[in-house]
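Chemist: Spelled out, the chains give:
2 protein chains.
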Amino acid sequence: MSDEKRTEISDLGEFGLIEKINESARAELTTTIKGIGDDASVHDAGDKYILISTDLLIEGVHFDLAYMPIQHLGFKAIAVNISDIVAMNGTPKQMTVSLALSNRFSAEAVQVFYEGVKAACEKYNVDLVGGDTTASPSGLMISVTAMGECDKEKIVYRSGAKENDILCVSGDFGGALVGLQVLEREKQEFLANPEMQPKLDDYEYIVGRQLRPQARLDIVHELAQVGVVPTSMIDVSDGLTSDLFHICKQSDVGFSIYEDKLPIDKQTFETAAEFSMDPNACALNGGEDYELAFTVKQEDFDKIEKFEDISSIGYMHSKEKGRVLVTSGNQIIELEAKGWKHF
Amino acid sequence: MSDEKRTEISDLGEFGLIEKINESARAELTTTIKGIGDDASVHDAGDKYILISTDLLIEGVHFDLAYMPIQHLGFKAIAVNISDIVAMNGTPKQMTVSLALSNRFSAEAVQVFYEGVKAACEKYNVDLVGGDTTASPSGLMISVTAMGECDKEKIVYRSGAKENDILCVSGDFGGALVGLQVLEREKQEFLANPEMQPKLDDYEYIVGRQLRPQARLDIVHELAQVGVVPTSMIDVSDGLTSDLFHICKQSDVGFSIYEDKLPIDKQTFETAAEFSMDPNACALNGGEDYELAFTVKQEDFDKIEKFEDISSIGYMHSKEKGRVLVTSGNQIIELEAKGWKHF
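Chains A and B supply the protein sequences, listed in that same order. Residue numbers for the first sequence follow our numbering, beginning at 1 and rising by one. Residue numbers for the second sequence follow our numbering, beginning at 344 and rising by one.
It is worth saying that the hints were derived from the structure and are not from the lab. Treat each hint with caution, since some may be false.
Claimed, not checked - Think about it this way: if two alpha-carbon atoms lie no more than 25 Å apart in a straight line, the pair counts; the simulated DSS-like pairs of lysine-lysine are:
#1 LYS5/A / LYS461/B
#2 LYS609/B / LYS649/B
#3 LYS348/B / LYS118/A
Source: prediction; values computed, not measured.
Sequences are here, hints too, so could you generate the full structure?
Modeler: Set out below in C-alpha cells:
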C-alpha cells in the first residue's frame with residue numbers, strides 16, 4: 001500500500017478506528033440480537049440468550065509487569081471480561097484465554113499466570129474451556145473471551161435508559177487510577193534505588209483496585225433477588241463520565257449527577273490529595289474501576305436502596321438538558337469524556 | 344521469579360506447555376459438556392449446544408506480510424476458526440476479531456484487513472459481533488473467537504471413533520505446505536531482485552490453499568443432508584498424521600491408512616517434486632490444509648461415498664495394531680506425529 005493514502009491510526013484515535021471497523025460489522029442472522037456496540041454481543045439460542053465479550057491485554061500498553069504480579073494479571077484478565085457479561089445482567093459461564101509469549105517468560109511464570117486465572121474462575125464460578133498459546137516476537141499478549149447466559153426477559157442494554165430514571169453505580173470510583181499513581185511512584189523509586197522495599201501498606205485498597213479488580217457479579221445477584229431489571233447498564237472501564245456517555249448516546253438522553261454523591265473511598269480521597277489530584281476528577285475520569293453504572297425506574301429504586309454497595313448519583317433527563325455535573329457549590333458543569341487513549 | 348526454577352518454554356514445547364496449562368482448566372459447571380481438549384468447547388444452553396473456539400495469529404510466527412496480502416489474512420483468520428466449529432459438526436454463528444497493531448499499520452491497511460474478514464463472514468454466513476483494537480509494541484497480532492451452535496444429537500467429538508469405522512477426509516492434502524514453499528521462494532527472489540514480478544500463475548491452487556484456506560462447512564451440510572453423524576471428527580490444521588493422533592488418543596484406537604488413497608492435488612504433486620519433496624510426506628505432515636478428518640460407521644459409508652470431495656483413506660482398528668501407513672508397495676510403516684512447532 002505504499003502508493004496509497006495513509007492515515008495514521010493515532011490520527012484517527014481508538015474510537016475513530018473502531019468506527020471504521022464497525023463499518024465491517026455484520027449482524028445479518030435473525031439469531032443475532034445484538035452485534036457490536038454494547039458490553040457483549042447477544043445471540044438467541046432458543047431457551048436463552050448467549051453473550052460473548054472479548055478483550056486484549058498487551059504488555060506495555062495495558063499492564064506493566066514491573067509492578068503487576070503475573071498472578072494478579074491472570075485474575076484481572078478474567079475479571080474484566082466477566083465484568084462485560086455482568087454489564088448485560090448476564091451470568092458468565094465459560095472463558096477462553098490465549099497467550100502470546102516471548103522467550104523472556106518461563107514455563108513457571110506461565111503457570112503462575114494461570115493460578116490467577118484459576119482463582120478468578122473459581123471466584124466467579126466459570127469454566128476455563130479453551131485458548132491458544134504461541135510464541136510472540138516481543139512481550140506478553142493476552143486475549144480473553146467470556147461467554148455467558150441471560151434469561152431473555154432480563155437482558156439489559158446500554159440503550160434503554162429513559163428520562164426520570166435513577167442513575168446508580170456500584171462500589172466506589174477513582175481508586176484504580178490513584179492506585180496506579182502509587183505503583184508508578186514506587187516503580188520510579190525502585191529504579192532509582194533497587195535496594196528499596198516498596199511501601200504499599202498504606203495503600204492496600206487502592207493498589208488492589210488497580211491490580212486485582214473485581215467483577216460485580218454480586219450486583220447482578222442482588223438485582224435478581226429483588227426482581228429489578230435495570231433499564232440500562234454498562235461496566236465502567238474507561239471512566240465513569242466516558243461510559244455514561246455511551247448510555248446517553250445509545251439511549252438518547254442526558255443526565256445530571258451530583259458531585260457530593262460520587263462514591264469515593266477514604267483512601268482514594270486522601271491519596272489523590274497526596275498526588276495533588278482532584279479526587280472528584282479521579283472518580284469521574286479514572287478508568288479501570290470495573291464497577292457498574294445503571295439506570296432504574298423510579299418505582300424500582302426503593303427496592304435496591306437497601307444494598308450498601310449501590311449508590312444513586314443522579315438521574316436521567318432529556319438530551320437537551322445535557323450531561324452535567326452539579327457541584328457541591330450548586331454550579332452546573334457540562335462534562336467531557338476523557339477515556340483511555342491507547343494509540 | 345529470578346531466584347526460582349526456570350524452565351524454558353522451548354524445552355517444554357507447545358504441547359508440553361499446553362499440558363501444563365490444562366492443569367488449570369476448569370470444567371465444573373453442569374452446563375459445560377466439553378472443556379479443553381477438542382476443536383471447540385461445548386456448553387449446554389437448553390435447546391442447543393453452544394460451541395466456542397479461539398485462535399491467535401501472530402506476525403512472524405503464523406504469517407508473513409511479505410507474501411500474505413492483508414485482505415487474505417482477514418479471510419484466513421475467520422476461516423480457520425470456523426473450521427474448528429465445523430469439526431464439531433456445528434454451525435458457526437458469531438465471530439469476534441481483536442487486533443493489536445504497531446504504528447507500522449495505517450488505518451487503510453486495517454480497513455483492507457476487515458474487507459477480508461467481511462468476505463469470510465458473508466461466505467460462511469456468520470456475524471461479526473465484537474472485538475477489541477489496541478496498540479502493539481511490535482507487529483500485528485490477531486485474536487479470533489468463533490461461537491457456533493449444534494443440535495445436541497449431532498455433536499461430534501474427537502473421542503468417538505470405534506474399531507472398524509471408516510476413516511474419511513475432505514478435500515486434498517499437502518497443498519498449503521507446498522504453496523508456502525512457492526511463496527518463500529518468490530520472497531527470496533524478490534529480496535534478491537526487487538524489480539522481479541512474482542511468478543505465481545502456475546501455482547494458483549496451492550498458493551490459494553496457503554493464503555486463503557476454506558472452512559469445510561459444506562461437508563457439515565452434506566453429512567446432514569444424508570443423515571450421517573460421524574463417530575469422530577477433527578479439523579486438520581497441524582498435519583494429517585498429527586491430527587489423526589488426537590483422534591486415536593481420545594478414542595483409544597489405532598488406524599491404518601493407505602498411501603495410494605491419500606488425496607493429493609496434481610499441482611501439489613508436481614510442485615512438491617520441483618522442491619524435491621515427497622508429496623505423500625507433504626500430505627501426511629503438511630499443516631494448514633483445514634480439511635476435515637472423520638470416522639463413520641461402516642453402514643454409513645455408502646451414504647457419503649457419492650460426495651466427490653470426501654475420500655476414504657483407511658479404517659480404525661485396535662490401539663495395539665498401531666497407527667500405520669500401508670505404502671503402495673504394501674509395506675507397513677509406523678507413523679510419527681510431526682506437527683507445527685511455534686516455540
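Chemist: Holds or violated: LYS5/A with LYS461/B, Cα cutoff 25 Å?
Modeler: holds, 22 Å
Chemist: Below or equal to 25 Å on CA atoms is what counts here, so check LYS609/B against LYS649/B.
Modeler: Holds, because 21 Å separates the two Cα atoms, which is no more than 25 Å.
Chemist: Given the hinted pair LYS348/B and LYS118/A, is their Cα-Cα distance within 25 Å?
Modeler: holds, 22 Å
Comparing the model with each numbered hint stated earlier shows that all of them hold.
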